[in-house]
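Throw the hints in and build the complete structure from the sequences for me.
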Amino acid sequence: MSLYVQESGPADAPTIVFLHGGGGAGWMWQPQVDGLGEFHCLVPDLPEHGRSVDVKPFAIAESAVLIAELIRKRAHGGRAHVVGLSEGAQITVALLAGAPELVDHAIVSSALVRPIRGAGIVGPGLIRWSFRLSVAPLRNIEWWTRLNMKRAAGVPDEYYQQFRRTFRELTESGFTNAIIENQRFRVPQGLDRVLTPTLIVVGRHEYDSMRASASDLAAAIPGSRACEVAHARKMSLAEEHNWNLTAPDLFTRMVRAWIADQELPDALQPLRVFDRRGGSSSALAT
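Using the numbering used here, the letters of the sequence shown map in sequence onto residues 1 to 286.
Any given hint could turn out to be false.
Distance ranges between label pairs, derived from CB positions [what the hints assert, rightly or not]:
(1) Gln262 with Leu138: 43 to 49 Å
(2) Ala212 with Lys234: 19 to 25 Å
(3) Gly123 with Glu263: 43 to 49 Å
(4) Asp249 with Arg272: 21 to 27 Å
(5) Ser173 with Leu237: 25 to 31 Å
(6) Ala267 with Leu147: 28 to 34 Å
(7) Trp143 with Val65: 37 to 43 Å
(8) Leu138 with Leu195: 43 to 49 Å
Treat the hints as calculated values from the structure; they're not laboratory data. In this text, all values refer to a predicted model and were calculated from it rather than measured experimentally. By construction, the Cβ of each residue, glycine as well, lies at the ideal position given by its N, Cα and C atoms.
In structure tokens:
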């Protein structure tokens with residue numbers, strides 16, 4: 001089956017492909033689609049997510065193949081700018097490794113390529129039971145849905161209806177595969193031949209493993225640029241992670257600037273990686 005894809009914008013404009021994070025769907029990109037109306041936008045729901053829930057199974061490598069096919073068939077000129085967030089950013093990295101010739105500019109926001117402490121002991125069986133106990137029996141309860149929306153996803157209140165629909169449609173298989181794929185993804189081979197201008201972004205206060213992952217990717221992709229985002233207000237980890245929704249104007253300005261080869265907004269600063277051994281931080285050379 002084919003992915004569900006939302007398409008908008010002028011018929012002769014450059015194409016941007018937006019890839020959402022695990023557990024979400026294409027609606028998460030609505031602020032950017034609205035703010036970048038001069039571009040041709042393709043916004044797929046990834047396998048086992050949203051309206052692509054029947055496209056199975058979800059896997060990062062296979063999703064990258066599907067996105068490559070989407071670009072070849074529907075992007076103007078057979079090339080696209082690609083913007084990925086979280087698990088969508090991991091797919092963007094896999095796409096760069098496998099088919100860099102299809103990507104004009106890339107933005108990789110919070111792509112995990114290092115293990116999170118303790119995650120290795122959580123296998124598929126435990127994840128499936130977690131779904132059965134904490135998601136399946138409770139997802140029709142409004143307060144539980146709102147709690148997950150705010151605490152786990154950092155999604156603003158105005159997207160409650162979209163979040164509720166996606167939350168209710170989530171399957172045990174999709175939930176399990178998304179978590180396992182996210183945990184197991186590592187820097188793929190082939191990135192050393194990438195010539196695509198690539199912006200690697202991470203929140204200033206995200207987990208150490210996420211910030212270290214940004215550093216790893218910057219080292220692996222020649223000529224890439226790594227930045228951390230200093231938000232104007234204090235955010236939770238979830239809000240900082242899904243900042244295309246919590247700071248939509250800034251995210252949109254970043255996308256427009258990067259794909260136009262212009263100066264990035266001031267809130268994006270060179271990534272500083274904390275050195276636990278020396279107790280200090282240093283700017284990442286890019």
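| field | Violations among the numbered hints | value | Hints that this structure does not satisfy do not exist here, as all of them hold.
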